[in-house]
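Asker: Given chain A, work out where chain B should sit, using these hints.
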Amino acid sequence: MMTPFEAYKLFLAVKMHFTQPNYDFFKYNGKVNAQLDAFNRRRDKYHFAKLAKHKDALGYLVAQYSTGNFTGWAGDLFTEECERIYTQYLARHQSITYNFQSDLGKLEEGFVSKFKVKDGQHPEALVMFRRGNISIETFTILNNHLNFFQLWDTRIDDTVLWPSIRERCLKYRPFIHYDKVRIKSIIRSLLS
Amino acid sequence: MSENLKFSKMMSSDSFYKELDKLVKAHNLTYMDAIVFYCERNEVEIETAAAMIKGNFRIKSQIQQEGELLNFLPKTAKLPI
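Same order as they appear, the protein sequences are chains A and B.
Residues in the first sequence are numbered consecutively from 1, following this note's numbering.
Residues in the second sequence are numbered consecutively from 1, following this note's numbering.
Looking at chain A on its own, in the form it has when it is part of the complex (with noise of 0.2 Å):
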């Protein structure tokens, strides 16, 4: 059972990974900064004993902060919305490689176009990520394998809102764990 001093520690972990650049939580095995005075004198400790008591307060705070709508202050992690995008998050880890297969149902048509960057435009691929056509899941493992992210880097003309994408989704890609070689087989057979 963690502590809420705890839940605190792994709370400003997670959102130092997903918000500053050169924090990364697997690098630094989730240690920050930070005092129990200082902990003990602040008034939202309420918030983090009940994140404490969470069954999974690591996946909830990365279901959050995979959204990348979460505005960072702990009053605001046990809304309804917040729960239904943990369920959400919970839905789609269960059945990874299925629902990879779906989204790339989608993508299947023309596949290699839709990676295509035109006139620094956006390329279609992700604007269906946008759109939420394709999970944050099926991006960020297509990325993993196909590597193109490098490619939208260099091509895409926008510096707000892709930069802002790129971020989320490489930050949020070591909390994916899923069959390479089943995963890296589909890609092959898609392609082939």
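Keep in mind the hints are simulated off the structure, nothing from the lab.
All of these numbers come straight from a predicted model, not from anything done at the bench.
Among the clues, some could well be false.
Simulated crosslink set (DSS-like; lysine-lysine; CA at most 27 Å straight-line) [stated by the list, open to error]: (1) B:54 / A:31; (2) A:31 / A:50; (3) B:25 / A:118.
Answerer: Just chain B now, with coordinates in the frame of chain A:
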């Protein structure tokens, strides 16, 4: 030294990228060559430019692509685009 300080204060990594882009297009250079050329022409130390490159994922990606083409870096998967 003062020139380098001035350079890092005056330039954002985005404007540095734009400068490099102009050089690449005007002189038909690679990004790696363009960085060295820029540093020589403006008397900026290459280490100062490195700090700029670190902060800009666009320049990093360009250099990575060139590095992979020249076998300086291990090749990664690519879509046939």
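Asker: Check each numbered hint against the structure and report the violated ones by number, ascending.
Answerer: Of the numbered hints, all hold.
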